[in-house]
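Undergrad: Sequence:
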Amino acid sequence: MKSKERKTINLDALKATLDGINAKKDSKLYFELECTIMIFIHMMNINIALYGTSYYNYNFALLSFNTFFLSRRFIQALYMYLYLRDPLKRSLKFLGLTFIGISYTVTIVHSIAMLFFELSYSLLLNLVCPFIAYLYFSQGSAKSRYSEGCSDCFYSLQQILLHTLEAMYCAGYLPYKFLPSHGFIVYTAAYLNAMSTLTFVTFLLYLVELMRKRSVELNFYAISLGDWTQARYEGQAEEWSHDKNYSKGQIVFYKGEYWKAVGMFNSCEPGKNETYFLSHFFQDPLKTFYRIILIEAFFIALQLWVLTALSFHPTYVISLASLLYILLRTVYCFRKLSVPKLNISS
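Each residue of the sequence shown is one higher than the one before, starting from 1 at the first, in the UniProt record's numbering.
In case anyone wonders, no lab produced these hints; they're calculated from the structure.
All residues carry an ideal CB built from backbone N, CA and C; glycine is no exception.
If a hint is listed, it holds; no wrong ones were tucked in.
Think about it this way: if two alpha-carbon atoms lie no more than 20 Å apart in a straight line, the pair counts; the simulated DMTMM-like pairs of lysine to aspartate or glutamate are: (1) K336 with E209; (2) K336 with E217; (3) K248 with E269; (4) K244 with E269; (5) K244 with D227; (6) K244 with E257; (7) K177 with E118; (8) K260 with E238; (9) K272 with E239; (10) K336 with D284; (11) K248 with D227; (12) K260 with E239; (13) K213 with D284.
Pair by pair, the computed Cβ-Cβ distance ranges are: (14) T229 with I100: 53 to 61 Å; (15) F116 with R72: 17 to 25 Å; (16) P130 with K336: 33 to 41 Å.
From just these sequences and the hints, can you work out the full model?
TA: Next up, the structure:
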C-alpha cells in the first residue's frame with residue numbers, strides 16, 4: 001500500500017504571489033476627499049456671498065465646526081484605508097491618524113464651546129438639537145416594509161438625502177442664521193444662488209457615485225420589482241403576498257383593487273410609489289445618466305443666465321465652475337459605466 005505523499009507549500013512563494021496582486025485604489029477615500037473639498041469650496045462661497053471681503057467678521061468658530069463636522073466621513077474613510085492595509089496598526093501612519101483624530105475632537109469641542117459662550121440658547125436650538133436628530137436618523141436601519149434588495153437601495157437614497165441636507169444646513173443655513181443682525185446688507189440673490197448650487201452639487205455627487213458603483217445591482221433589483229397596473233376583473237383572484245413573485249399578466253387582489261402584473265418579475269407591492277420610482281428610475285442606468293446630464297446642462301444654462309442677467313458677483317463664477325466640473329465628472333462616469341445585458345424583457 002502506497003503511502004500518501006506529503007505536500008509542502010512554499011509560504012514565501014505564496015506571499016510573493018499575493019503581493020503581486022495589485023488591488024485597486026480605495027475609491028471611497030478619494031471620493032470622500034473630493035466631496036469634502038467641494039463642500040468646503042461652496043461653504044466659503046456662501047460666506048463670501050454673506051460677508052464679502054470683510055474677513056474679520058467671519059464666524060471662524062462656526063466655520064471650523066462646519067469644516068471638521070462635514071469632513072468626518074473622510075476621516076473615517078482614511079482610517080479604513082489604513083486599517084485594511086495594516087490591521088495590526090504597526091505603521092507610523094496610524095500615529096499620524098491618531099494625532100489627527102485628537103486634533104479633530106479638540107477642535108470640535110473648542111468650536112462648540114466658543115459658540116456656546118457667544119450664542120448660548122440659540123446654539124442649543126439651532127445646532128445641538130438638529131445634529132442629535134440627524135445622527136439618529138442617519139444611523140437608523142432601513143425600513144422593514146421593503147424587500148431586502150429594495151430596502152438596501154432605498155437606504156442608500158435616504159443616506160444621499162441626509163448627506164445633502166447636512167451640507168445644506170451646516171454650510172448653507174447656519175452661516176446665515178448666525179449672521180450679525182446689524183451692519184450687514186445681505187445680497188440675497190448671490191446667497192440663494194450659492195445655497196442652491198451647494199445643494200444640487202452635493203446631491204449629484206453622491207447620486208452619480210451610487211450609480212457608478214451599484215448600477216448593475218440597482219438594475220437587477222429594479223427589474224425584479226416589476227410593475228403593476230389597475231385592472232377591471234370580475235373573477236376570483238388571489239390575495240397579493242409580499243413573499244411571492246408574480247408572472248406577467250397575473251391578476252391579484254390587494255386593498256380593495258385588482259392589479260395586473262406588467263413586468264417579467266413582479267415582487268413589489270401594488271400601488272406603492274417608492275417601488276414604482278425605483279423600478280422606473282434604475283431599470284435603465286444609461287437613460288438615468290442621460291437624464292442627469294440633461295438636468296446638469298439645464299442648470300449650467302440657468303447659471304449662465306444668472307451670470308449675464310444679474311449684476312456681477314464673484315460667487316456666480318465659482319458656482320458656474322463647480323457645475324461644469326460636476327457635468328464633466330458625470331460624463332466621465334457615464335463613459336466608464338458598463339452595464340451587462342440581463343436578457344430580461346418586460
